[in-house]
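Peer 1: Respectively, the protein sequence lines represent chains A and B.
Counting from 1, one number per residue, gives the positions in the first sequence under our numbering.
Counting from 1001, one number per residue, gives the positions in the second sequence under our numbering.
These aren't lab readings, by the way, just hints derived from the structure by calculation.
Treat the hints with care, as some may be off.
Simulated crosslink set (DSS-like; lysine-lysine; CA at most 25 Å straight-line) [claimed, not checked]:
| # | chain 1 | residue 1 | chain 2 | residue 2 |
| --- | --- | --- | --- | --- |
| 1 | B | Lys1029 | B | Lys1059 |
| 2 | B | Lys1164 | B | Lys1146 |
| 3 | B | Lys1200 | B | Lys1346 |
| 4 | A | Lys155 | B | Lys1164 |
| 5 | A | Lys155 | B | Lys1059 |
| 6 | B | Lys1206 | B | Lys1164 |
| 7 | B | Lys1206 | A | Lys155 |
| 8 | B | Lys1246 | B | Lys1311 |
| 9 | B | Lys1206 | B | Lys1343 |
| 10 | B | Lys1206 | B | Lys1346 |
| 11 | B | Lys1104 | B | Lys1271 |
| 12 | A | Lys155 | B | Lys1246 |
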Amino acid sequence: MQSTPAKPGRGHLLLLISPLLAVLIAFLVLPLVWLFRASFYAGEGFVERSGFSLAHYQHFLFDGYYLSVLVETLLYGVVTAIVCAVIGFPVGYSLARLPPQRRRWRMIIVILPLTLSLVVVVFGWVAILGRSGLVNSILVASGLFDSPHTLLFNKTAVIIVLVQQTIPFMILSVMSVVAQIDPVLEHAAANLRANRFVTFARVIIPLAAPGLMAGFVLVFVIAISAFITPMLVGGSRIRMIGSFIYEQMMSSMNWSFGAAMAFIILGAGLLFTALLNALAARRFVRR
Amino acid sequence: MKRRPFLKLASSLAATSLAAPSVQAQSKKFAGVTLRINGYGGTYDSALTTNVANPLEEKYGLKVRFIAGSTDADLVKTVASRDNPPYDLFMGDSPHMAQLTEAKMLEEISSADVPNFARVFPNFREFGAYAAPFSVATIVPIYNSKLVKEPMTSYSDIARPDLKGRVVVPRPGSTPAALMMLGLANENGGSMSDMEPAYKVMANAKPNIMAMPPTTITQLQLFMDEEGTAGVFWDGRAHEMRTKGKPIVTVFPKNGVYGVTSYTAILKGCKYREAANAYIEQLLSDQGMLAIPNALRYGVTTDVKLPDQLKSELLFNSPERIALKRPVDWSQLMKLRGEWGEKVNKILGT
Chain A
1 MQSTPAKPGR GHLLLLISPL LAVLIAFLVL PLVWLFRASF YAGEGFVERS GFSLAHYQHF
61 LFDGYYLSVL VETLLYGVVT AIVCAVIGFP VGYSLARLPP QRRRWRMIIV ILPLTLSLVV
121 VVFGWVAILG RSGLVNSILV ASGLFDSPHT LLFNKTAVII VLVQQTIPFM ILSVMSVVAQ
181 IDPVLEHAAA NLRANRFVTF ARVIIPLAAP GLMAGFVLVF VIAISAFITP MLVGGSRIRM
241 IGSFIYEQMM SSMNWSFGAA MAFIILGAGL LFTALLNALA ARRFVRR
Chain B
1001 MKRRPFLKLA SSLAATSLAA PSVQAQSKKF AGVTLRINGY GGTYDSALTT NVANPLEEKY
1061 GLKVRFIAGS TDADLVKTVA SRDNPPYDLF MGDSPHMAQL TEAKMLEEIS SADVPNFARV
1121 FPNFREFGAY AAPFSVATIV PIYNSKLVKE PMTSYSDIAR PDLKGRVVVP RPGSTPAALM
1181 MLGLANENGG SMSDMEPAYK VMANAKPNIM AMPPTTITQL QLFMDEEGTA GVFWDGRAHE
1241 MRTKGKPIVT VFPKNGVYGV TSYTAILKGC KYREAANAYI EQLLSDQGML AIPNALRYGV
1301 TTDVKLPDQL KSELLFNSPE RIALKRPVDW SQLMKLRGEW GEKVNKILGT
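Just chain A, same shape as in the assembly:
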């Protein structure tokens, strides 16, 4: 006779997660608390760390320029997430419907870009889209262009690179949810004379919505915090808040203003995500 294993107590569970908790507290919570405090320092330098002031938040929130940068950053996040959803959903869906042995290599291809350093990936794009890069060489050799064109330093280039960096998160999120949807439901819809589009819109999408939403939020959050991509691929006219934070922290040495900007984008990102979740819950969750 088999005995049922004893249910672990609350104390045991706490003990099991304590190493993770310790790491999170030491390397995430404490630095965040310190950064939050730094955003209220009175001075602008990074040597003096004292006083309490709301000046840095005021500086950002009452300056139309910075507000427009914030809006532009959120827009980049939304556009990137939408493009990732459009491209990533079919990939995630097809991977979920494949037998495990055929899925393995495709999964490796999807995950591979995540194993590379972001700087390496961005430099790769600079090499591909540069004047002496692959794309220009092909276009000139094929006679489409007379001479190399500047393909970098514009919004499209930034979106392309952000999509390439974040699309694995969308694909994996969609795949994990679609794999749980019983294919019988699609057959049932077909039996009820629903065409492919109706099945997709009224059966697959609502059921895959949690995965789509999770992917959207992940991609959005990663995209709005990007700083290397806008700096290296975006040129002088692409404004994303991540590169402004980098500039304040590393060049201007104004840690307090940089910290304030970091918390403003964190707050804006959380608010946007919460709104999105509430909207999705109203649209897809039936009570």
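Chain B: place on chain A using the hints.
Peer 2: Just chain B now, with coordinates in the frame of chain A:
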């Protein structure tokens, strides 16, 4: 010889030959010591390795490790962990040293411990005995003579209509960008306290400026790829590109130029003070002092004798040119450069 004595002799010889190098290494003054220094990367670090680190290892058994990265980021890391800094010595330019001096993080260097320190020209001792100056780098206008037909003559030429979409300048808020702004202001009747003329030039240059890379290496890459054809850059890096076959011309504006002095300083908390002194001594020796001019054509800070060929290729190679090097109030510049960067971002981004 019989077998047993032969084996004894052979084993003693083998043991002696194996032990000899280690005994010799142990006998060297700084054997087993490794100094950590933040590096500038590329040609800079390799020149210092060949002419400063390697001789020290040969002579004293002292190892020197250059940890390449962005100097601004290195400074932030160093100040953030001031009780246990990540480096023994800090290599940085005038503004970095101004920050470290203000943070009281530097050890004093004495000529008694470092005799070559006495050879430093007085006008390069911007931070007294707290940092050893070893080269002078200047921010100058540059252009690719193959792609830019009309030669540039000043910083303000970045706004010329024929350079539309091809100008690369340093990222606003950084030291080289601040020096460029001083150059623009100086050429157009402004000054550190009146930057309006410089902002006007930046507004006119807006259609021309394609990129403002965050690091020297990325800016260099854009010129090497001929993505950028003109801009403002370090004179030594322009020389580096010429050695790699790019027709890059360095311009010496007649109204004056702005530059930084590069220093190495000993950080408080350095565990190997004596070894750090030995590093500075070698850095300021003839061999160490010529390392950077030979590799990058940056200027010198001591009375070292320059070979004629090298002298002719340095930016400051005559009293007339030296007179055109404009002085900078670094503590004031550090206070203002964030504000200038913000203004330039607003001009270019809206």
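Peer 1: With reference to the structure, classify each hint as holding or not holding.
Peer 2: Quick rundown of the hints versus the structure:
Of the supplied pair hints, the one linking Lys1029 of chain B and Lys1059 of chain B holds, its CA atoms being roughly 8 Å apart against a limit of 25 Å. Straight-line distance between C-alpha atoms of Lys1164 of chain B and Lys1146 of chain B comes to about 16 Å, which keeps the hinted pair within the 25 Å bound. For the hint pairing Lys1200 of chain B with Lys1346 of chain B, the CA-to-CA distance comes to about 12 Å; that is within 25 Å, so the pair holds. A C-alpha spacing of about 19 Å is found between Lys155 of chain A and Lys1164 of chain B, which places the hinted pair at or below 25 Å, so the restraint holds.
Of the supplied pair hints, the one linking Lys155 of chain A and Lys1059 of chain B is violated, its CA atoms being roughly 55 Å apart against a limit of 25 Å. The hinted pair formed by Lys1206 of chain B and Lys1164 of chain B meets the criterion: a straight-line CA distance of about 9 Å does not exceed 25 Å. Note on Lys1206 of chain B and Lys155 of chain A: the hinted pairing holds, with a Cα-Cα distance of about 17 Å set against a maximum of 25 Å. Using a Cα cut-off of 25 Å, the hinted pair Lys1246 of chain B and Lys1311 of chain B holds, with the two alpha carbons roughly 22 Å apart.
Note on Lys1206 of chain B and Lys1343 of chain B: the hinted pairing holds, with a Cα-Cα distance of about 13 Å set against a maximum of 25 Å. Taken as a hint, the Lys1206 of chain B and Lys1346 of chain B pair is honoured in the structure, with Cα atoms around 11 Å apart against an allowance of 25 Å. As the CA atoms of Lys1104 of chain B and Lys1271 of chain B are separated by approximately 17 Å, the hinted pair is consistent with the 25 Å bound. With a C-alpha separation of about 30 Å, the suggested pairing of Lys155 of chain A with Lys1246 of chain B is violated against the 25 Å cut-off.
Checked against the numbered hints listed earlier, the structure breaks hints 5, 12; every other hint is satisfied.
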